[in-house]
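Here are the chains, one letter per residue:
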Amino acid sequence: MRKSKDSPGRFFRIELLCAVLALTGSISVRGQSLHTNQFQPTAGRTAAPIDVTGYWVALITEDWRYRMLTPLKGDYYGVPLNLAAKKLADAWDPAKDEARGEQCKSYGAPAIMRVPGRIHISWANDDTLRVEMDNGQQTRLFHFGGWTPPVGSRSTWQGESIARWTWPGQTLRADTRGSLGLRAFTAGAIGAGEFGAGIPAAPPAPPTTGSLTVLTTHLRAGYLRKNGVPYSANAVVTEYYDLAKPPKGDQWLTVTTIVDDPEFLEAPFITSTHFRKQPDGGMWTPEACSSR
Amino acid sequence: MKTRWAWIAVVFLAITIPALAQVDFVGEWAPRFHEDQPERIPGPALGDYLGLPINDALRLRADSWDADLISMPERQCNPHPATYSFRGPANLRVSKEADPVTQDIVSYTIYGTFGRATRVIWMDGRPHPSASAAHTWAGFSTGKWEGGILTVETSHLKAGYLRRNGVIHSDLATMTEHFIRHADHLTIVTLVVDPVYLTEPFIRTTDFVMDLGQHESATPCDVAIEALRPNGAVPHHLPGANPFLTGFATGANLPQGAARGGAQTMYPEYRLHMNTAIPAPPVFATESLVGNAGENAPVEILPVRGNIYMLVAGGGNITLSLGPEGVLLVDTAVAALADNILAEIRKVTAKPIRYVLNTSADQDHTGGNAFFAKIGRPIGAGGAGSALFADIAETDPRAEIYAHLNVLDRMSDLPASAWPTITYFNDRKELFFNDEAVQILHLPSAHSDGDSIVFFRRSDVVSTGDIFDTVTYPIIDLAKGGSIQGEIDGLNRILDITIPAAQQEGGTMVIPGHGRLCDEADVVEYRDMVTILRDRILDMKSRGMTLDQVKVARPTRDYDGRYGATTGPWTTDAFVEAVYRSVPASK
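Those protein sequence lines, which keep their order, are chains A and B. Under the numbering used here, think of the first position of the first sequence as 1, with each following residue one higher. Under the numbering used here, think of the first position of the second sequence as 1001, with each following residue one higher.
Next comes chain A alone, as it looks inside the complex (with noise of 0.2 Å):
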């Protein structure tokens, strides 16, 4: 006798089906793309694990001489730039960038957390973190609870940023090539791997420790040194937000950086900065953008 359509045989090889093509997804270590934002956006400030909130001071104990002063035209060790953007870091002319208006180039977010100077975070709302930067003045709103960038938003030297919390075994990626383009997160589940898969477990609640995880797109083009080292207006920068506290109590932000960016870089650019909590904002030190 032939089944009929909804027959519960069918159901149970759908539904089988169905598990299946989760796992395949949920086992990648790299988190490959399922193609959706399949990741529940979290609330903000409600389901923080961590607190990032407060002042920081960056630790210039790395790349000192592009960080504090600005290099010779033409050094750009270690970043691994296309021919193209070696062509453009080698013609370099702060003078041009000047008369632009636009001292600020190498003050974007691919390069913004690399600026020696203060950083503020602070709470502009219950789904808005804001991290406000003395040096370059400069500010950025990360995103929480779903929201998108809205529709025709023009590319700025801070983007437009979407913010996640994940905890511990979970990591979200930047798709840089998945169909939703740049606004896509990837979820995956870290060390999940070959024993692991398909084993699922309910999300904590609520969640005691984990990182913020933000996605930034809508980029002016810009420097990722103030010696002309050029991203595109195509790049897309992933940031790791993640807490320690090591001897003598002091609480460190370490940020991960790692910048995308097909027109200019031929692998990701990975960076990672750190910064110790400070008492109060009483060395802030704003300063303007400076070309030189």
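Calculated directly from the structure, the hints in this document are not laboratory data. Computed from a prediction, not measured in an experiment: that's the story for all the values here. Treat each hint with caution, since some may be false.
[Unchecked claim] Listed below are the simulated DMTMM-like cross-link pairs for lysine to aspartate or glutamate, each with C-alpha atoms no more than 25 Å apart in a straight line:
1. B:K1351 / B:D1396
2. A:K277 / B:E1153
3. A:K245 / B:E1200
4. A:K245 / B:D1024
5. B:K1144 / A:E263
6. A:K277 / B:E1146
7. A:K245 / B:E1153
8. B:K1480 / B:D1460
9. A:K86 / A:E263
10. A:K245 / B:D1396
11. A:K73 / B:E1269
12. A:K277 / B:E1269
13. B:K1429 / B:D1409
14. B:K1144 / B:D1124
15. B:K1096 / B:D1211
16. A:K245 / B:D1184
17. A:K245 / B:D1124
18. B:K1144 / A:D250
19. B:K1587 / B:D1528
20. B:K1374 / B:D1409
21. A:K277 / B:D1396
Given chain A's structure and the hints, the job is docking chain B onto it.
Just chain B now, kept in the frame of chain A:
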């Protein structure tokens, strides 16, 4: 139908919610050199101390560093220490070990990094070893997960690079790390604290990307003679005489003061006044910044290798050979600790004490002689002991005390019960005890004129007495026949005996007169320091400086935070004076 599809959707979503799997970082990780590329790949320039929270002592020490040092046979195979290894060429293979019964994670192992100082991070809650235990390039690491971050604490590090241009942390540095994984990216936060050379914790963050295609091969190191230099020479620059320090700042268009580093250069505001900053007058510690904990250290026994144990007692070390024939002691510490020492020995053996060997006549090495000789028993009258005293052995059986003849001379004002009973006056004395050849080797005119080191050949352990001391500058007792040249010759003699295992680590182990358990690399570090200080004082003396002028100039100031003392039996001034008086008037 609607309900059914809704149910399917629930199943789908439930399964695709990212699993809260165990965070892990096992796998192959390739470094990204997007930060500090010129420093990390070609190598840092001499005199580049940018962004390092170093004190004046380390600045001087780095200024004195000569890159030729790494061509020395004793240093060619040094790997990068854990404090620096992630910053150098470092492809990582991380693996984990699970308990076979519980499957709890016991440890992570990180293989790779320059020179292959393999890291083991213990996750099973074990404590860090005794402060007297040996130090390694990788150090001793314990870890725990704090949320999604693995936090690792590392101690027992050898002195090694913070930056591979002579910026070196001391062997008292410790490190905290945070391993943070996001997708296929790994960020490692490293914080180094060094009470001797850093004024603030030194933080760096280093990035890796998962690379399943990489292969970590072994990199065995074979020592070769790369340069001919006089025997005992240690490459270095005298203070103020290094011609290569300014080139970096000039080439990078930097103020010279900025390149000198210091904690102030880490902060953003330094950028605003670096061109006008006036260097503060240098400040140097006058004495060890970590104190001499050894003098109050509890009595404890550490296994070394084979028959050999190190007994830490009141700052003075005793070497024990334990075996079927009984107990042999190298030195007996101070008399007041004898009961405690015996109690500690009895925890590991009930065998009788057969021999005492003295490395010098000093009270902190011979104070327990009478006690241990009295409770000991020789191996038969006239056996391994002296037939001359066979009658005494039968009526008053005592352990034999071996020493160089000059030790007996120096102890003539002490009760006879503490005297060596068997002496030698040539360059060596030999024993075979506990199935092991034991060489007692005389090193003339070093710490004194009666120094011996003891080499346990089968166990491959050297007991050095006060020729090597990880706590203070070497005690050179001019009144008892010591000399700086003899001291340096003695250290080089120890290095002739020692053979390190792979990674210039382990192999022949070295028990110093005072301080922690060591190996060849530690002796090299000490030998280099003593030789450099000798050269500085010799240079000053040959330029006509008086002893007082030399003391004021403080030629030891870059090491005083580690070895110096202003009070106690052996001060820095006493060391400088001993060196000054025992070097010739001209080079």
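Do the hints match the structure? See the list:
no., hint, result
1, B:K1351 / B:D1396, "holds, 18 Å"
2, A:K277 / B:E1153, "holds, 21 Å"
3, A:K245 / B:E1200, "holds, 15 Å"
4, A:K245 / B:D1024, "holds, 20 Å"
5, B:K1144 / A:E263, "violated, 41 Å"
6, A:K277 / B:E1146, "holds, 19 Å"
7, A:K245 / B:E1153, "holds, 12 Å"
8, B:K1480 / B:D1460, "violated, 30 Å"
9, A:K86 / A:E263, "holds, 12 Å"
10, A:K245 / B:D1396, "violated, 64 Å"
11, A:K73 / B:E1269, "holds, 24 Å"
12, A:K277 / B:E1269, "holds, 16 Å"
13, B:K1429 / B:D1409, "holds, 18 Å"
14, B:K1144 / B:D1124, "holds, 9 Å"
15, B:K1096 / B:D1211, "holds, 17 Å"
16, A:K245 / B:D1184, "holds, 24 Å"
17, A:K245 / B:D1124, "holds, 21 Å"
18, B:K1144 / A:D250, "holds, 19 Å"
19, B:K1587 / B:D1528, "holds, 18 Å"
20, B:K1374 / B:D1409, "holds, 21 Å"
21, A:K277 / B:D1396, "violated, 71 Å"
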